[in-house]
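J.: This is what each chain is made of:
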Amino acid sequence: MEGQILPPENLTNEAIAERLTTTARKNLETGSIQKKNLIYLELNGCSGNIISLLNGQNPDFEYTLNSMVHLRYSNSLMAAEGEQAIEQLLTAMDEEYILAVEGAVALKNNGLYNIIGSWKGEPLTGLQAAKMLGEKASHILAVGACATHGGVSAAKPNPTQSVGLQEVLPDKSIIKLPGCPVHPDWFLGTLAHLLLYGEPETDNLNRPLMFYSTLIHDRCPRRPFFDRGIFAEKLSDKTCLFKLGCRGPVTRVDCPTRQWNGHVNWPIGANTPCIGCASFGFPDAMAPFISYDTTRVVKDE
Amino acid sequence: MSKRIVINPLTRISGFMEIDVMVDQNRVVDVKTKGNLFRGFEQMLIGRSPFDAVYFTQRICGICSAAHSMASSLALEDALNIEPMEQGRYLRDIIHCCEFLQNHIRHFYQYTVPDFVKIEQNTLFQSDHNDFRLPKNINDRIAKHYFDSLTFSRLAHEMLAVLGGKAPHNHGVFIGGVTTQATAEKIVHIDSILTKIIRFIDDKMIPDVYDIANFYKDYFHLGGGYGNLLTYGAFNDYKELGTLYVDPLVFTKGTVEAFDENNIQEKIDYAYFKSVNNSNEPSEEVTEPDMDKENAYSWVKAPRYNGLPFEVGPLARLILSGAYENRISAMDRTIARALETKKIAEIMKILIQQVVPDVDVQKKYDLPESAAGRGLIDTTRGGLGHWLKIQDQKISFYQIITPSTWDFSTKDDNGYRGTAEEALMGTYIENPDNPAEIGRILRSFDPCMSCATHVYRPGKQVKTIKVF
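Taken in order, these protein sequences are the chains called U and Z. Residues 1 to 301 (the numbering used here) are what the first sequence spells out, left to right. Residues 1001 to 1468 (the numbering used here) are what the second sequence spells out, left to right.
If you are wondering where the hints come from, they were derived from the structure by calculation, not from laboratory data. Think of the CB as a built atom: it goes at the ideal place given N, C-alpha and C, for glycine as much as any other residue. It is possible that part of the hints are untrue.
[What the hints assert, rightly or not] A few chain Z residues that face chain U, going by a derived Cβ cut-off under 10 angstroms, partial list only:
#1 M1001
#2 K1003
#3 I1005
#4 I1007
#5 R1141
[Claimed, not checked] Covered by chain Z, per the in silico footprint, the following chain U stretches (three or more residues, Cβ under 8 angstroms):
#6 117 to 130
#7 202 to 216
#8 230 to 242
#9 268 to 279
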């Protein structure tokens, strides 16, 4: 192989993520890296991120479980229930672990608006769990909009006083994966990078550059319509959705090229505007999601 | 000898739930089901654009998000006086079918199977109890199907995304039907996946559920409850196709009657709410948290029909449509979920055949200054209702009653327990220290507490927990 001229390396985000997971698999197989413990915590949210993660393809969940991490705790998936489940959570804390959190931290009433279990007859709040597990974790991933900044759980008037994970762990480095929900590749690609090389390169808001570096608008297949001023007047039109409220111009993430659910489609492909679910201001700063008043002055953009 | 059993968290459900059970000589003599999460969507929706409700309400739930987009679209169509084209309904209902498939496959394998099948290969599946009865060959086959099932849930979401853009939290379902147009390529894409899913249901899911039922026959006698069944109707009332599944019906004490939405009330007698306007009507009721209310023990409200609690979901639909003999138990519920998965796939095949390519069902919609509407529809877990009012072109009122609120409601002033509470009453608990029965019975209802819960009972301001 030495000296052989290879074709240029594919530098798309997809190719990079695929290379990462392939390399991770090889290194695990050869024993040059070890499986790490993963604690997956669900807090104040809809549990949509874990469902999205189960949609992962390469790697898929079975592969992730068998070849990448020891999943030590997951409210949605683990067989144990009640205090035995919480006991497994506490036991997992004795070893090194990566912490992934989906959902916001509800501060109201001392965290009691979100109880995730009980221990010795006392409630364990999401707030307590986030602090306790976050302080000891080797790496922390905030998975989805609620965990990165409060998301829909913190939408006005924020009845639960929800905040993003960083607010209760101000001194910790947290990798942030905004999105509602997170794309399985954003999470699993980041996880693969962590296992192989440590924390990936991030932007000033702690988002991995490999997924969150470009504006949707800049890679939107409907960009030529925007440039020529051809705008949709209703959902289902095939032209630029900017005037219906599309947040592609302010949202940094790779949906246009990665797409969703087996890479088959994405919101703009469904003739609807991007609602900016991977932006830190989602949802309130991204609302209204849809407006037929195409004459209005659109702020933000 | 009395003993209290508290299970918190009840894992392998959507959301957070606590079960508080009293047993006397191993028999359940009292039950409280409690939700452990408050989000406050009905408050959050006030003042938002009515159009945004379709995408916003989906965020109530990550496993049944499309259900909320269906109900809110119907509520908006009602408020805006829009009758969707039949092609719009077909495409929207195809998306809804995809969610049923994703949801039922996931619930059966990922949430239910670990209750009955030992999955050896990972500590994640370490169980608390030891009541595993399947012979090794059957056990290992179903354990393998657990992992296979991930592929088919994922494929169901892939079909959903072909028309809906993405899942969870699709973009395609909207007023008028959907935002996408069918094309030959999309139809074939969906039909090809559906064919694979049907093979999985026939060859694996249905034999697996019957194998489990065969070795856990006692569960045909557990988890019955009141036996009142209700459906708002599912895949019904098409102009040309008529009813493919079930019309809106209720079943009480052996009698089947037409469903009348005016008979729904939502009670708060044992829930931590006070009424702002003394109304139990879903279209009017406004409540405020009241954490010090006496006798209240949960923040899940109590929907009632003609004053009675009702069971909703796959078993209710199968029985009311005449497709299942009238037996109600935890195992019947689980079997019904698998049989319904097959039924939905067949309905989806029929709907796909009706689709005409390239039909655009969208229009530019104008918001009225004021209006009211409601959308009632049977979704994966049962009847879901959204009620909304518009004032000054903004949402001024929003009410949601979810299927899991029906099934996991609190007691009411007539002394009726919630449906799932009643289903647990009298259950013999073999080992109160590691009870297998409670979780199995509750999971047979497929609890979606992300949808059902509004707030956890905070009780007194809690001191720091020393353990941590």
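J.: Compare the structure with each hint and give your call.
T.: The hints, checked one at a time:
The interface hint given for Z:M1001 is broken, as the beta carbon of that residue sits about 19 angstroms from the closest beta carbon of chain U, more than 10 angstroms. Violation of the interface hint for Z:K1003 is found here, the shortest Cβ-Cβ separation to chain U being roughly 14 angstroms, above the 10 angstroms cut-off. Satisfaction of the interface hint for Z:I1005 is found here, the shortest Cβ-Cβ separation to chain U being roughly 9 angstroms, below the 10 angstroms cut-off. The criterion of a C-beta within 10 angstroms of any C-beta in chain U is met by Z:I1007, whose closest approach is roughly 4 angstroms, and the hint holds.
Interface hint at Z:R1141: violated, since its Cβ lies 16 angstroms from the closest Cβ of chain U, which is beyond the 10 angstroms cut-off. By the rule of at least three residues with a Cβ nearer than 8 angstroms to a Cβ of chain Z, the coverage given for the region 117 to 130 of chain U holds, with 9 such residues. Coverage of a stretch by a chain is defined here by at least three residues with a beta carbon nearer than 8 angstroms to that chain's beta carbons; for the region 202 to 216 of chain U and chain Z the count is 0, and the condition is violated. With 5 residues having a beta carbon nearer than 8 angstroms to a beta carbon of chain Z, the region 230 to 242 of chain U meets the requirement of three or more and the stated coverage holds.
A stretch counts as covered by a chain when three or more of its residues have a beta carbon under 8 angstroms from one of that chain; for the region 268 to 279 of chain U and chain Z the count is 7, and the coverage holds.
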